[in-house]
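Q: Residue strings, one per chain:
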Amino acid sequence: MSMLWGMLPSILMIVAPILITAIGGMICEKAGVVNIALEGLMAIGACTAASAHVLMESAGMNPNLSLFLALALGFVVGGLFSLVHAVAAINLNADQTISGTGINLLANGVTIFASQILFSADRTREFRMGMQTDALGIYPTAYIAIAVVLFSWFLLYKIPFGVHLRACGEHPGAAESVGINVKKMRYFAVIASGVLAGLAGGCVVLTQTIQYTSNTINGRGFIALAAVSFGRWRPLGVTGAAFLFGAAQAFAIIANNFPALRVLPSEVFNILPYVVTLAALVLFSGKNYAPSAAGKAYEKGAS
Amino acid sequence: MKLTRQKLIQSDGAVSVLVVVLGFLVGTILVALVGKNPLNMYKALFQALSGYNIDNGRMNIRYIAETLNYSVPFILCGLSMGFAKRVGLFNIGGEGQYIMGLTIAQAIALLGPQVPVLHWLLAILGAIVIGSLWGGVVGILKAKYEVSEVVSTIMLNYVALYLSRIICLQLPGATTYKTANFPETALIGNTFFQKITNNSLLNNGIFMMVIAVLVYWFIMEKTSLGYGMRATGFNKEAARASGIPVVKSISISMAISGAFAGLAGGIVALGSFKYGRVLSGMDNYGFDGIAVALVGNCTALGTTLAGFLFGLLKNSQALMQGKQIPKEITFIIQGLIVIFIALRSALKLYQEYLDKKQLQKEVGIK
Amino acid sequence: MSEYAIEMRNITKTFPGVVANDMVTLQVKHQEIHALLGENGAGKSTLMSILFGSYSADSGSILLDGKPRDIKNPNVATSLGIGMVHQHFKLVQNYTVAENIVLGMEPTKGGMLDMKSARARVAKLSDQYALKVDPDALVEDITVGQQQRVEILKTLYRNANIIIFDEPTAVLTPQEVDELMDILKKLRSEGKTIVLITHKLKEIKEVADRCTVLRRGRCIGTVIVKDVSEQDLAEMMVGRAVKFEIEKPEQQVGKVMLSLQNLQVTDQSGIVRVKDLSLDVHEGEIVGIAGVDGNGQSELLGSIIGLLPLSGGAILLDGKSMGNLSIRERIQAGLGYIPEDRKKFGVVGEFSIAENTALKNYYLSPYRKRFGVLDFDAMKNEAENLIKQFDIRSAEGAQTNTGSLSGGNQQKVIVAREISLSPKVLVVAQPTRGLDVGAIEYIRKRIIAERGKGRAILLISFELDEIMNLCDRIATLSKGSIVAVNKQNEVTEYEIGLMMAGSKKEAVR
Chain A
1372 MSMLWGMLPS
1382 ILMIVAPILI
1392 TAIGGMICEK
1402 AGVVNIALEG
1412 LMAIGACTAA
1422 SAHVLMESAG
1432 MNPNLSLFLA
1442 LALGFVVGGL
1452 FSLVHAVAAI
1462 NLNADQTISG
1472 TGINLLANGV
1482 TIFASQILFS
1492 ADRTREFRMG
1502 MQTDALGIYP
1512 TAYIAIAVVL
1522 FSWFLLYKIP
1532 FGVHLRACGE
1542 HPGAAESVGI
1552 NVKKMRYFAV
1562 IASGVLAGLA
1572 GGCVVLTQTI
1582 QYTSNTINGR
1592 GFIALAAVSF
1602 GRWRPLGVTG
1612 AAFLFGAAQA
1622 FAIIANNFPA
1632 LRVLPSEVFN
1642 ILPYVVTLAA
1652 LVLFSGKNYA
1662 PSAAGKAYEK
1672 GAS
Chain B
-14 MKLTRQKLIQ
-4 SDGAVSVLVV
6 VLGFLVGTIL
16 VALVGKNPLN
26 MYKALFQALS
36 GYNIDNGRMN
46 IRYIAETLNY
56 SVPFILCGLS
66 MGFAKRVGLF
76 NIGGEGQYIM
86 GLTIAQAIAL
96 LGPQVPVLHW
106 LLAILGAIVI
116 GSLWGGVVGI
126 LKAKYEVSEV
136 VSTIMLNYVA
146 LYLSRIICLQ
156 LPGATTYKTA
166 NFPETALIGN
176 TFFQKITNNS
186 LLNNGIFMMV
196 IAVLVYWFIM
206 EKTSLGYGMR
216 ATGFNKEAAR
226 ASGIPVVKSI
236 SISMAISGAF
246 AGLAGGIVAL
256 GSFKYGRVLS
266 GMDNYGFDGI
276 AVALVGNCTA
286 LGTTLAGFLF
296 GLLKNSQALM
306 QGKQIPKEIT
316 FIIQGLIVIF
326 IALRSALKLY
336 QEYLDKKQLQ
346 KEVGIK
Chain C
167 MSEYAIEMRN
177 ITKTFPGVVA
187 NDMVTLQVKH
197 QEIHALLGEN
207 GAGKSTLMSI
217 LFGSYSADSG
227 SILLDGKPRD
237 IKNPNVATSL
247 GIGMVHQHFK
257 LVQNYTVAEN
267 IVLGMEPTKG
277 GMLDMKSARA
287 RVAKLSDQYA
297 LKVDPDALVE
307 DITVGQQQRV
317 EILKTLYRNA
327 NIIIFDEPTA
337 VLTPQEVDEL
347 MDILKKLRSE
357 GKTIVLITHK
367 LKEIKEVADR
377 CTVLRRGRCI
387 GTVIVKDVSE
397 QDLAEMMVGR
407 AVKFEIEKPE
417 QQVGKVMLSL
427 QNLQVTDQSG
437 IVRVKDLSLD
447 VHEGEIVGIA
457 GVDGNGQSEL
467 LGSIIGLLPL
477 SGGAILLDGK
487 SMGNLSIRER
497 IQAGLGYIPE
507 DRKKFGVVGE
517 FSIAENTALK
527 NYYLSPYRKR
537 FGVLDFDAMK
547 NEAENLIKQF
557 DIRSAEGAQT
567 NTGSLSGGNQ
577 QKVIVAREIS
587 LSPKVLVVAQ
597 PTRGLDVGAI
607 EYIRKRIIAE
617 RGKGRAILLI
627 SFELDEIMNL
637 CDRIATLSKG
647 SIVAVNKQNE
657 VTEYEIGLMM
667 AGSKKEAVR
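Residue numbers (this note's numbering), protein chains in the order written: chain A, 1372 to 1674; chain B, -14 to 351; chain C, 167 to 675.
Isolated chain A, as found in the complex (with noise of 0.2 Å):
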């Protein structure tokens, strides 16, 4: 038992990253977007931080305020990337599955080509130091996933502006019938989830390994994407849903410490994460909680 509770520090190091892009999910959605590009947002985010950081960390800079200005700039250039399919699903009505099937193919490129234009490789270069844990073995990623929580909770369900987003994603009609501007709202909301995802994207690559590659992000921000639907769209359920998530691919550096699992491959323990979330949502398809009008382009005038 103290071998699990010895374990948590890594679960949660897994989790963080995908709780906080699942709750920037979760904003969108609740606002009426549906963002599936949160994959290669995530990616963005963590080329962009590897790249700050190791580039800052040879300049010699102060290894502290490295990390954070990294983790900075991949919460600024995740928000912009998430731009583009603001402009399609919303200004442009565009089909956003496919918007966001672009971004995803759209950063799979221009990471890699940007370290190849900067490190004349297929990867950044790896950094010395990456983010260190405090006294409790707990990384600074951990901390940061529970304020993106509260901050979510407190934005959407104590203050006017969260009334008015969720509005937006369940009746825009009626939104904008009592004077909510139902594109600008729609727009914080595809960029929170921009700038979620490329915060998240950092603190991957800055605590779970030591450069960016094109296998960094494996498919985490799908994962979040499951945990969002899975925790059907409210703070503390897509919290237990990342969790749930987070602790199978956790699974596989616990299992090292079982003998009897040691036999296993380790390929069995890769596949658990997706396994869980395909089962979780098979067996929990909550498509009744979803907000009424995610995923449907908003036109003014329509009833």
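A few of these clues could be false.
[To be verified] Here are the simulated EDC-like cross-link-like pairs (lysine to aspartate or glutamate), alpha carbons at most 20 Å apart as the crow flies:
(1) C:K535 with B:E206
(2) B:K221 with A:D1466
(3) B:K341 with C:D188
(4) B:K342 with C:D224
(5) B:K70 with A:D1466
(6) C:K366 with C:E198
(7) B:K333 with C:E516
(8) B:K346 with C:D188
(9) B:K129 with C:D433
(10) B:K207 with C:D543
(11) B:K207 with C:D541
(12) B:K207 with C:E516
(13) B:K221 with C:E495
(14) A:K1667 with B:E131
(15) C:K546 with B:E206
(16) C:K195 with C:E356
(17) B:K342 with C:D188
(18) A:K1529 with C:D302
(19) A:K1529 with C:E272
(20) B:K221 with C:E516
(21) A:K1667 with C:E516
(22) B:K70 with C:E516
(23) C:K510 with B:E222
(24) B:K163 with A:E1638
(25) C:K352 with C:E333
(26) A:K1667 with B:E222
(27) C:K509 with B:E222
(28) A:K1529 with C:D280
(29) A:K1555 with C:E272
(30) B:K207 with C:E548
(31) B:K233 with C:E495
(32) B:K333 with A:D1466
(33) B:K21 with A:D1493
(34) B:K221 with C:D507
(35) B:K308 with A:D1493
(36) C:K366 with C:E401
(37) B:K341 with C:D224
(38) B:K221 with C:E506
(39) B:K346 with C:D224
Hints were generated in silico from the structure; no laboratory data involved.
Go by the hints and put chains B and C onto chain A.
A: Just chains B and C now, kept in the frame of chain A:
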């Protein structure tokens, strides 16, 4: 003048061409921005298309053949995505279906009966069947449990990747990245092609692809099965209320969709390699198939042309790299093309705006 | 103070392909109830949307109390004292009544939501105008009549002096309509100016002071209501003499074709929507189901067609049990269906007329040849046939994209298809919704004609006069059960209204 513009906007073919041109334009600008010479990008593309090297005036027909060969999995994965999209599904699991096809083909190649023709036939059929199962599962999950195919296909992609490793590591002669060589009877190479194309990898897979394209067109446009699928894709509720078996249509279409991608995996495994591979990452044909289908507007002809374009892009990558242009520019162009597909609905908005202005003129408003 | 509260002068508004308002002028006096009358598509809603700021006019001017105003958006309209009670309510289903009323203007304390004062303010308004609502109820749980009151309170919360009502009675029982008429009179006495958009002549006669008639985007004229008759109004609305009653020849009724026995149907969330429902429909008769939307009609329809499973009871078509049959099998057994939402359930918009014609039997010969290959020429020929027979107006004949047809012509395609399949039982839901008078007359005549051919017809409609007009027998539905079945000539609209709300009358089978 207005009539021509309207016709162009409504023509999906013209929009696809526009989208591709725009993608290339932005890619060109990007290359220039990072200090490389975009002309080299086009020289590489030209060489991959025609075999003619502008810089040294030499001609090598192998390039043309390789472009054709690369097109095959792109076209097939495009057909995979396109078939599902016609029924209203967004199948981004082509990658996983491709991987499973590839894996089973390799397994049958190494473990199956070494009888000429029968051997590779079995392997290819196995690839098709496993692909259709991998896709069919998604269809059933969607049709019966309303599980979003967007998420389930991505999950199955990763499951396929790791499952493939587990299986292939158990195959005869397996090391960390390859297996023993395939027996001759399992290969689908074509010695005639090899001879006339200066030893390219162009193989019998191209014939299978052509058959697949024809099958796609025939099922979709000519059969009652395709009719039911198209109706389901356009308006699921009306189809259901009219008695069309929607659950069955969705499941079957995902199965057929998976079959196309599985076939692609089998062809690549047995045509472009002499041994099995233990995958460490995804080949990406499945993902690129998404863009191929969107550009090709999910029609048989469009997908073929778009797939050829992507084959061209891929074949030019090594050439580009040799000219100091990162090959990832091709991925960027593909991503841009998919994003620009959003132009389609924007163009519709633009056309509505034009119509309104015209109408106002007729009614006499200033 | 100017003579008029509202003056809209020479308003013109175009949309892609249509001129919705063509130089329309409207003048509404202070503290009057002014009706805006016109058929579907005449331009009434558009005109009022311009007044409310949802659209902006292409040209023309608006004056409020004599002062010219530029109403850019609903916010501006609201600040000028204009409120709108929409036809399709703009309410967030999973918010409470209070949350909906204060949406966009929530009271706050220190930046955070102050729902306590919101609830208090709502309660006060509710008392002042005698509009009873429960501030904490979720909108999705309250009745349609109550939802409408929430919409009205929304406008009063924002201090509206001019209130626009867009087709407010479409979704109400006769009793609720009476209550609404009283509410309108009370609002007028409290100093409000009311614009009532409607096509219901009876209501105009009952409550309106003056009436402006629109036809095809143009203003025909303004009349003082007590000086004209319903017939006069109808003629202004349509442009010619209108026959209200349909000729229904006497008919011999045959055997039972459709038998619903003790039906029980639950919806997707497990709530029982149809309880112990029994009804027989004979050959050659039209049985109507009267009731307010939301009392189980959709679930009843769904279970008959096959979209919803039965959780109890049986459905027999010509003696054969249908409960276990698939939708396709029921169609083959002789069930025809004209759906209430033609775009959603009736046609595939992207298909041509020819392809839509074959929607129910494309997989049979003569359309289906060997190996599953389809004979599209055969579809085309049949479609051309039906186009001629049913006078379907289309740009390119059988190849026309069905989505580009007008509502009336789309409905004709559906009616043509269903009738051409010679069904034994024809289930018809809201067949004339959203259609102009010409199309309405045509569709109703066709339904009567099918009755003459001996078909068993089940008609579900929310328009009571349609039911009274067409049906031989009328079953009244309330809360998922049939309250009573009466012969059409033995019951009045008023009595049906009472039954819709739940009270019983002697059933006549």
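Q: Now tell me, hint by hint, if it's right for this structure.
A: Results for each hint:
1. A distance of roughly 14 Å separates the Cα atoms of K535 (chain C) and E206 (chain B); the hinted pair therefore holds under the 20 Å criterion.
2. A hinted pair counts as satisfied when its Cα atoms are at most 20 Å apart, and K221 (chain B) with D1466 (chain A) qualifies at roughly 18 Å.
3. Between K341 (chain B) and D188 (chain C) the CA atoms are separated by roughly 14 Å; this keeps the pair inside 20 Å, and the hint holds.
4. Of the pairs offered as hints, the one joining K342 (chain B) and D224 (chain C) holds, with about 10 Å between alpha carbons and a cut-off of 20 Å not exceeded.
5. Between K70 (chain B) and D1466 (chain A), the direct Cα distance comes to roughly 13 Å. Compliance with the 20 Å bound is thereby established for this hinted pair.
6. The suggested pairing of K366 (chain C) with E198 (chain C) holds, with an alpha-carbon distance near 18 Å, which does not exceed 20 Å.
7. With a C-alpha separation of about 16 Å, the suggested pair K333 (chain B) and E516 (chain C) falls inside the 20 Å cut-off, and the hint holds.
8. Of the supplied pair hints, the one linking K346 (chain B) and D188 (chain C) holds, its CA atoms being roughly 13 Å apart against a limit of 20 Å.
9. A C-alpha spacing of about 17 Å is found between K129 (chain B) and D433 (chain C), which places the hinted pair at or below 20 Å, so the restraint holds.
10. Proximity of K207 (chain B) to D543 (chain C) is assessed by CA-CA distance (about 12 Å); at most 20 Å being required, the pair is judged to hold.
11. Restraint check: the Cα-Cα separation between K207 (chain B) and D541 (chain C) comes to about 8 Å, which is no more than 20 Å; the hinted pair holds.
12. Restraint check: the Cα-Cα separation between K207 (chain B) and E516 (chain C) comes to about 17 Å, which is no more than 20 Å; the hinted pair holds.
13. As the CA atoms of K221 (chain B) and E495 (chain C) are separated by approximately 18 Å, the hinted pair is consistent with the 20 Å bound.
14. Distance hint between K1667 (chain A) and E131 (chain B) is fulfilled; the C-alpha atoms sit about 17 Å from each other, no more than 20 Å.
15. Between K546 (chain C) and E206 (chain B) the alpha-carbon distance is near 15 Å, which keeps this suggested pair within the 20 Å criterion.
16. Taken as a hint, the K195 (chain C) and E356 (chain C) pair is honoured in the structure, with Cα atoms around 15 Å apart against an allowance of 20 Å.
17. Between the alpha carbons of K342 (chain B) and D188 (chain C) the distance comes to roughly 16 Å, so the proposed pair stays at or under 20 Å and holds.
18. Restraint check for K1529 (chain A) and D302 (chain C): the C-alpha separation of about 17 Å stays at or below 20 Å, so the hint holds.
19. Under the criterion of a C-alpha separation no larger than 20 Å, the hint pairing K1529 (chain A) with E272 (chain C) is consistent with the structure, at around 11 Å.
20. The suggested pairing of K221 (chain B) with E516 (chain C) holds, with an alpha-carbon distance near 12 Å, which does not exceed 20 Å.
21. Of the supplied pair hints, the one linking K1667 (chain A) and E516 (chain C) holds, its CA atoms being roughly 19 Å apart against a limit of 20 Å.
22. Between K70 (chain B) and E516 (chain C) the CA atoms are separated by roughly 15 Å; this keeps the pair inside 20 Å, and the hint holds.
23. A distance of roughly 6 Å separates the Cα atoms of K510 (chain C) and E222 (chain B); the hinted pair therefore holds under the 20 Å criterion.
24. Simply put, K163 (chain B) and E1638 (chain A) have alpha-carbon atoms about 17 Å apart, close enough for the 20 Å limit, and the pair holds.
25. Of the pairs offered as hints, the one joining K352 (chain C) and E333 (chain C) holds, with about 19 Å between alpha carbons and a cut-off of 20 Å not exceeded.
26. Restraint check: the Cα-Cα separation between K1667 (chain A) and E222 (chain B) comes to about 17 Å, which is no more than 20 Å; the hinted pair holds.
27. Under the criterion of a C-alpha separation no larger than 20 Å, the hint pairing K509 (chain C) with E222 (chain B) is consistent with the structure, at around 10 Å.
28. With a CA separation close to 9 Å, the supplied pair K1529 (chain A) and D280 (chain C) stays within the 20 Å bound.
29. Distance check on the hinted pair: K1555 (chain A) and E272 (chain C) sit about 19 Å apart at the alpha-carbon level, within 20 Å; holds.
30. For the hint linking K207 (chain B) to E548 (chain C), the alpha-carbon distance of about 18 Å falls within 20 Å, and the restraint holds.
31. Note on K233 (chain B) and E495 (chain C): the hinted pairing holds, with a Cα-Cα distance of about 15 Å set against a maximum of 20 Å.
32. The straight-line distance between the Cα atoms of K333 (chain B) and D1466 (chain A) is roughly 13 Å, inside the 20 Å bound, and the hint therefore holds.
33. The straight-line distance between the Cα atoms of K21 (chain B) and D1493 (chain A) is roughly 17 Å, inside the 20 Å bound, and the hint therefore holds.
34. Proposed proximity of K221 (chain B) and D507 (chain C) is supported: the alpha carbons are some 14 Å apart, at most 20 Å.
35. Straight-line distance between C-alpha atoms of K308 (chain B) and D1493 (chain A) comes to about 16 Å, which keeps the hinted pair within the 20 Å bound.
36. Between the alpha carbons of K366 (chain C) and E401 (chain C) the distance comes to roughly 13 Å, so the proposed pair stays at or under 20 Å and holds.
37. Of the pairs offered as hints, the one joining K341 (chain B) and D224 (chain C) holds, with about 10 Å between alpha carbons and a cut-off of 20 Å not exceeded.
38. For the hint linking K221 (chain B) to E506 (chain C), the alpha-carbon distance of about 16 Å falls within 20 Å, and the restraint holds.
39. Between the alpha carbons of K346 (chain B) and D224 (chain C) the distance comes to roughly 11 Å, so the proposed pair stays at or under 20 Å and holds.
Against the hints set out earlier in the document, no violation occurs for any number.
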